[in-house]
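Novice: Protein chains in written order, with the numbering used here: chain A, 1 to 359; chain B, 1001 to 1359; chain C, 2001 to 2359; chain D, 3001 to 3359.
Don't take every hint at face value.
Below, in silico cross-link-like pairs of lysine-lysine (DSS-like), each with a Cα-Cα straight-line distance of 25 angstroms or less [said to hold, decoys possible]: (1) K35/A to K3113/D; (2) K2355/C to K73/A; (3) K1073/B to K2314/C; (4) K1314/B to K355/A; (5) K314/A to K1355/B; (6) K1215/B to K113/A; (7) K2073/C to K1113/B; (8) K2268/C to K3113/D; (9) K2035/C to K1314/B; (10) K1073/B to K2113/C; (11) K1314/B to K1113/B; (12) K1215/B to K3358/D; (13) K113/A to K3073/D; (14) K1073/B to K3355/D; (15) K3324/D to K3200/D; (16) K3073/D to K1355/B; (17) K2358/C to K35/A; (18) K1358/B to K3035/D; (19) K113/A to K3035/D; (20) K35/A to K2355/C; (21) K1113/B to K268/A; (22) K355/A to K2073/C; (23) K3314/D to K2355/C; (24) K3358/D to K1073/B; (25) K3035/D to K1355/B; (26) K1314/B to K358/A; (27) K2355/C to K358/A; (28) K2073/C to K358/A; (29) K2190/C to K2201/C; (30) K268/A to K1314/B; (31) K3035/D to K314/A; (32) K355/A to K2035/C; (33) K113/A to K3358/D; (34) K3113/D to K355/A; (35) K324/A to K201/A; (36) K200/A to K54/A; (37) K314/A to K1276/B; (38) K3268/D to K2113/C.
Hints were generated in silico from the structure; no laboratory data involved.
Take a look at the letters that make up each chain.
Protein chains: 4
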Amino acid sequence: MAGNTFGRIFQLTTFGESHGMAIGGIIDGCPVGLKLDFDFIQKELDRRRPGQSKLTTQRKESDRVEFLSGIFKGETTGTPIGFQIQNEDQKSKDYSHIQDKFRPSHADFTYEKKYGNRDYRGGGRSSARETACRVVAGSIAQLILQQHGVEIYSYVQQVGNITLLNEFNEMDFSQTFENEVRCPDAAIAKKMSDLILEVKKEGDTVGGAIQTLVKNCPVGLGEPVFDKLHADLGKAMLSINAVKGFEYGSGFCAPEMRGSQHNDEFEKTDDGIRTKTNFSGGIQGGISNGEDIYFRTAFKPIATIMRNQASVTKQGEATEIEGKGRHDACVVPRAVPIVTAMTALVLVDHLLRSKISKI
Amino acid sequence: MAGNTFGRIFQLTTFGESHGMAIGGIIDGCPVGLKLDFDFIQKELDRRRPGQSKLTTQRKESDRVEFLSGIFKGETTGTPIGFQIQNEDQKSKDYSHIQDKFRPSHADFTYEKKYGNRDYRGGGRSSARETACRVVAGSIAQLILQQHGVEIYSYVQQVGNITLLNEFNEMDFSQTFENEVRCPDAAIAKKMSDLILEVKKEGDTVGGAIQTLVKNCPVGLGEPVFDKLHADLGKAMLSINAVKGFEYGSGFCAPEMRGSQHNDEFEKTDDGIRTKTNFSGGIQGGISNGEDIYFRTAFKPIATIMRNQASVTKQGEATEIEGKGRHDACVVPRAVPIVTAMTALVLVDHLLRSKISKI
Amino acid sequence: MAGNTFGRIFQLTTFGESHGMAIGGIIDGCPVGLKLDFDFIQKELDRRRPGQSKLTTQRKESDRVEFLSGIFKGETTGTPIGFQIQNEDQKSKDYSHIQDKFRPSHADFTYEKKYGNRDYRGGGRSSARETACRVVAGSIAQLILQQHGVEIYSYVQQVGNITLLNEFNEMDFSQTFENEVRCPDAAIAKKMSDLILEVKKEGDTVGGAIQTLVKNCPVGLGEPVFDKLHADLGKAMLSINAVKGFEYGSGFCAPEMRGSQHNDEFEKTDDGIRTKTNFSGGIQGGISNGEDIYFRTAFKPIATIMRNQASVTKQGEATEIEGKGRHDACVVPRAVPIVTAMTALVLVDHLLRSKISKI
Amino acid sequence: MAGNTFGRIFQLTTFGESHGMAIGGIIDGCPVGLKLDFDFIQKELDRRRPGQSKLTTQRKESDRVEFLSGIFKGETTGTPIGFQIQNEDQKSKDYSHIQDKFRPSHADFTYEKKYGNRDYRGGGRSSARETACRVVAGSIAQLILQQHGVEIYSYVQQVGNITLLNEFNEMDFSQTFENEVRCPDAAIAKKMSDLILEVKKEGDTVGGAIQTLVKNCPVGLGEPVFDKLHADLGKAMLSINAVKGFEYGSGFCAPEMRGSQHNDEFEKTDDGIRTKTNFSGGIQGGISNGEDIYFRTAFKPIATIMRNQASVTKQGEATEIEGKGRHDACVVPRAVPIVTAMTALVLVDHLLRSKISKI
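The following block holds chain A by itself, in its conformation from the complex:
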């Protein structure tokens, strides 16, 4: 009810503030007998971790996940998987400069009004640090999907006004993590990287967008009415910090289109029944149809900037927020593994749900 659980069958519940003892979670409903590839899980976590490159914040966190239960001899047992990631140096900092002030476009004001007793240290529960737990669970979900041949490719498609417009089949996704931006096109990645560094130098931040492509999704995932597959994917993306929009298939181009253009006609192929086009984005009536699923997620520029901003104190007095600290200038490079993780959580949950619709 307090919204810290995601999923219906493969369920992740998370806890933790950025400056408490630890963050962590419980994965309940993971099927038994899954061999865990701990290196893969840690690698996904490392992709989200701050301090990886000159593009990201220089805060150092080792982000080592410890599993506490639910695993025996390297395989899942069907019992809940408890895990935690220690917070480091959580006591050292001084937060007096923001303790009583509301940072613009942060959650300080709304948390204060909703809860009253607010952990103001580093954003507390509203910090994106919480997403590390999503990456842990999402990596395990990916391991299940890999067994079913499902492939998820997320990449930075836009930073500011620089956009990668290629078709999916023109891209080499093995290159995505070869650069710091996480864009599979090296030339575009370079431009994006330059823009981020320029914006950073100005003490500013910039928004971006992530594109996701899912290949080999089984036909039949998704429920027909409220839990349409794209509705659950949309909620998953919109639950990530800084996300402002979600579109799948034709998305926000659809309003301008005609039905005769947009309809995906069926044809018989050697590969079974396929559609000639894919404006549907691999989902029809809320249910996957076996074609590529693709969607795009829009992120705002990070709210913490290195400039002074007008604000108001808890007591209602005008004040100023000083720009200081170490923060990313653009959220999307580090958000790629988070988008992938949330995608995997939705797909695995619906994969398991699809197993119970027949006797």
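Chains B, C and D: place on chain A using the hints.
Specialist: Quick look at chains B, C and D alone, frame taken from chain A:
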């Protein structure tokens, strides 16, 4: 688990196929003592009903809702509200022409693959007829919100390439339902209407977008992590038939913006602490901050067109789908009350959830 | 949240008051392709119906169930099954004698305090009439269980001080519904019947107990911690009107026993690994072990008696409740199909849950 | 879905095996601003802990709970409360003697069949060690209830054939924890203690029963149909290891009673409307009526005995289980704080649920 329930506290569960005996639902968790304005509920339903104007399908359905329980002396009792809407003429038609064929961009193929035993008459469960039940529940939710002063304004903002770009405060929402398109600007509405009629004459359909504005939403609605207010609004919108995208606040403009532009600075006003701008769209950290909430929902062109299309039969043979029947040429005019209903369901649910976060 | 839904995968949500338009429900999550035996469903309903024999109330209700959705060509489609049972003569009676009075050991007082706006006609939502919806859903659940060979036998084991003490294997369950008491032993049934009639003549009521035996339950149903199979069975039974206690296996004899007596040793048989005794009641660690599951449910005497009783009005004044109307003198004969229905709902839900614990 | 979560609003999710790294849990939905009394929480935990007295197992576990999140300046923040209890010496023991054998009346056989990959060390997830997490959450729930004046008294009412039959008002509950048995009557406690020691000397175990009394429960807790207050209490008790039965109010005496005896007549008192008797056990129609709530929970004798028993190996061969190790001879003394914890969890959950039934 099968996805026919929406909401956590104010819960709507629906049933019904377009050509079965009836559609209907159960609203569980409606607070006790709410005086029901049956005329208001029916008026909202009538706005969704087919056959209202020359823009919409000429199928006639009276869509009278009957309440079966949960109401005593005109007020809710706290027990579940059962309701139904009879289907008319459900037995008369001939569906042999689509029984074994997959209509492009409809749910025929995915239902066939997911379920096997598919009610092919008029789309069955995938028909937008199901949304009438959402309007019933959403209208009751609106009655609760009205008691809290919350106002919801949805309107057609785009049809094809015609878009209403005015600021909210330049619009007179009392005019929205004065035209058949449901656009508050009469001149733009006329252009949209002309476009729809032109497209219809061509046997084609066209997409559109609906804008929603929520005024006077209490501060503090929404949960911080997975059930962010905008994530639940996004899921609600994406669960409506034909929706392809959702954005709130700065939305898909955010990727191009700088933090220094996008941040909404706080200021002290006679009206309390307010933000100077509202790129956040009234929601920060997933929680309403008291400013206007606004979001935009993109709809694809309706899949049923009056032209012949290539397709494949259940048996895998190439075939053709004939364009016939009475259908809308653009979904957005009739979708306005559905968008409002889903918005109301999300807000009431979070309003009730917010009551339990304090002792 | 308002407690009108039962089950996690095979979910029943019910609505309806005893004197409203209709009662009914939605079954969501029923697997696709189940052939429905409508005669079987109606037969189960008829066993619960009042007016069947001289032992039960002479109120006449036809209790015909109408299915509104989710069924196509006689089989389930995987979409929600909506159903309703009309209430008859719901407007005719005069309730002024109980409108402002709290009947002893009824729910009048607690509903008044909890809700304020109470439908006082015939008990409203607290009436056992609601259980008819459980029987509809439970019958469908039984049809699924029959496909898996699971057999459920419930019978009246006690009325007042008359108790059937035979071993299960000494009983012929085909005889249970051959008498009005629903006890498989004709001689004991006769004594029970005589007692009920005697009590009835005195204007009084008497309690009873129902024993349930489940044969051929698959091994592995039930979840290890909170949703132990017997915990869910216990909740199911305790949710039935008038139930005061639940025990399974050794039950309330267990406190007096020694471990050396109570432990069910394993042995190898031609039939696989079996236990020599079955004090566990077919469930170990919350999970079915393949042995017979058995449990006993205790019912209080019905609160409506044909005698005058002291009470208090809504306004807090001392008053008297007159004994009048047509009511059962003992609840257990009509409760047998309800106990069976709730048992079937729990077992089917866990059967479906068990399908998702493996990849 | 895997059954490791309890509660609807105040939700506890637990993880952990007896011999893994740690056990722990997440409490989601705890209201904000609750001052935590850490000594009280630890004291409750200590009452459950093994090694406290000569009656209980001599295994030493310190059972220190560490809170990881959700608390700021000693008060809850409304965000999830993560906690853990380290397991000690989890690697040292040798389990080869039970690795491939099914201990009678333990969960070895059912876990093996359900999961395949079973953590056989000390019972794994089926170990009662998991209940320590319930005590942590239940203690926090008790702190909330204390603010509302609700008092919970659980005590050992029966061990073997020794039973405490006094009326509640004849007992001094301050004495319950003054003896090792946790029975408020010192003389009866002595007899129980003697019996347990005698049974222990014989290498055997004995069952028992715990009585619970709740005073000052607010009127109106519980939902009318499936989530009746006593149904949720029953499920809570039946989910505790070794429980075989649950009864409330008149319980298993009800079947023998007449309605004229059993009905609790209302009367006007200085204290408002009260019932003259309380066979209802403080709950009518599933909803608390303000009278004392009382119920009784039956426990079987512990399955681990110090005698050799016949069994079967995983491979299906006859074998013998050796009686060894350090175990309790009777579960009820240490189960008292668990019963109280589960009672508190149910009451707080319904207390919070009751806040949303009115607008």
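Novice: Of the numbered hints stated previously, which ones are contradicted by the structure, given in increasing order?
Specialist: none
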